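Undergrad: Here is how the chains run, residue by residue.
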Amino acid sequence: MIMMLPFLTAVISAWFTWRGHRGTAMVWWGITAAIYVAWCFYHMTSSLNISL
Amino acid sequence: MIHHLFGLRRWTDCLNALALLGISGVLWFAFAWQIVLHELPCPLCLLQRVAFAMAGIGLMLNVCFGSRPAHYGIALLSALAGMVSSARQVLLHIAPGDPGFGSPFLGLHFYTWALIAFFALGLFLGGLLLLDQMKLKEAADVPRAPGWLGKLAVYSFLAILLVTVISTLLECGFGPCPDDPTNYLWLPG
Numbered sequence: 001m002i003m004m005l006p007f008l009t010a011v012i013s014a015w016f017t018w019r020g021h022r023g024t025a026m027v028w029w030g031i032t033a034a035i036y037v038a039w040c041f042y043h044m045t046s047s048l049n050i051s052l
Numbered sequence: 001m002i003h004h005l006f007g008l009r010r011w012t013d014c015l016n017a018l019a020l021l022g023i024s025g026v027l028w029f030a031f032a033w034q035i036v037l038h039e040l041p042c043p044l045c046l047l048q049r050v051a052f053a054m055a056g057i058g059l060m061l062n063v064c065f066g067s068r069p070a071h072y073g074i075a076l077l078s079a080l081a082g083m084v085s086s087a088r089q090v091l092l093h094i095a096p097g098d099p100g101f102g103s104p105f106l107g108l109h110f111y112t113w114a115l116i117a118f119f120a121l122g123l124f125l126g127g128l129l130l131l132d133q134m135k136l137k138e139a140a141d142v143p144r145a146p147g148w149l150g151k152l153a154v155y156s157f158l159a160i161l162l163v164t165v166i167s168t169l170l171e172c173g174f175g176p177c178p179d180d181p182t183n184y185l186w187l188p189g
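Protein chains in written order, with the working numbering: chain A, 1 to 52; chain B, 1 to 189.
The set of hints was computed from the structure by calculation and includes no laboratory data.
Note that the coordinates shown come from a computational prediction; the quantities given were computed from them, not determined experimentally.
Certain hints may be false.
As the list claims (entries may be wrong) - Partial list, derived from the structure: chain A residues whose beta carbon lies under 8 Å from chain B:
id : residue
1  : Met-3
2  : Pro-6
3  : Val-11
4  : Ala-25
5  : Met-26
6  : Cys-40
7  : His-43
8  : Ile-50
Don't be surprised by glycine CBs; every beta carbon is placed ideally from N, CA and C.
Just chain B, with the same shape it has in the complex:
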């Protein structure tokens, strides 16, 4: 079975690790975009990143402890929360003539991509919940070996979370972010 190649016991573990890798990929891409194009995220954009991080925690719990309904619940609720903030931003810029916030990527703004991604994540988690044969005997609070794919996903996720904390701190300090940020509060120039 292919999941054994990744050091994982079940193929749903493999999908959870890949989804976590996907979420950290989204966060890394958003951060790279922020640095390369010097486009600072607005407060709603940051809230969408928080929702991705919250969904990632649910998947990381699955990777580190095995699949549990509570972990899927955490990821699903986070995806719903992310849909709320991204849909709000889509509605903010939906009026004719509004150029939107930030540069588009492949024709869509990041908040629109975020709405699509959260919806897709919800569908993915729902499907995985249907297929994942969780066993109550695995419900113990005992961590287990996540395999090399799980470790890769977890390290990538932890690293981008730390990077995002630092970049948000540099951008906003210990206060709220401006609606249309142009400079880092804690960086000169």
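Here chain A stands alone, though its shape is the one from the complex:
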């Protein structure tokens, strides 16, 4: 798991936005979102210390 990866893909997305490539920027945002979800599964699936 590479923690800096979603930041890198977010930078790429922002860069393409600034350079005027809307579609490419949105694809890179989608990649960032997919990595985000994967990292959520990695970090957020242990049990909580509370009763629900």
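Once you've looked at the hints, dock chain B against the given chain A.
TA: Same frame as chain A, but now just chain B:
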């Protein structure tokens, strides 16, 4: 009209640029806190920063190409994603006696502020969606002049994204971050 002072065509463009400036302000503040107090962000804190960056991309698309439903969708989904990770961290530390992670700011920890900020961002975007009179003729993939306020917001956002990439790289290298980081992996001492 006041938005003309900012070099923007519509007042909703002005609000989008201000929101992007606000998001980069949040990221700059978190980074300054990290450096000044030497409090390294945990993995969930970093995920919240990613969500702010993702929401910023949606707003930046609005600033650079004009308001589109897809751009608002990107920002709203990102705000929801951020709410999930910040709510998870609030729940992790909600038990009595738990001191929480990091120093509080104005009585609340950063993840609690993040949850409030993502909720407020969602409300703001929903309201803006109600009011923004988007025209399909403006839907072309043609970039436009963002005005000086838009440029300021975009430069600030791009700069803090680059800074965050570098600081995360120094903190975690090419691997996962520890749950309670105390030192930068790639910096001596």
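Undergrad: The structure should be examined with respect to each hint, and the outcome stated for every one.
TA: Here is how each hint holds up against the structure:
Evaluation of the A:Met-3 hint against chain B yields a held restraint, the C-beta minimum of about 4 Å falling below 8 Å. Interface restraint check: A:Pro-6 against chain B, minimum CB-CB distance 4 Å, threshold 8 Å, status holds. Taking 8 Å as the C-beta cut-off, the interface hint given for A:Val-11 holds, the closest approach to chain B being about 5 Å. Satisfaction of the interface hint for A:Ala-25 is found here, the shortest Cβ-Cβ separation to chain B being roughly 7 Å, below the 8 Å cut-off.
Satisfaction of the interface hint for A:Met-26 is found here, the shortest Cβ-Cβ separation to chain B being roughly 7 Å, below the 8 Å cut-off. Against a cut-off of 8 Å between C-beta atoms, the interface hint on A:Cys-40 holds, since the closest Cβ of chain B lies about 6 Å away. Here the hint on A:His-43 is kept, as its CB sits about 5 Å from the closest CB of chain B, short of 8 Å. The beta carbon of A:Ile-50 comes within 6 Å of a beta carbon in chain B, closer than 8 Å, and the hint placing it at the interface holds.
In this structure, none of the earlier numbered hints is contradicted; all agree with it.
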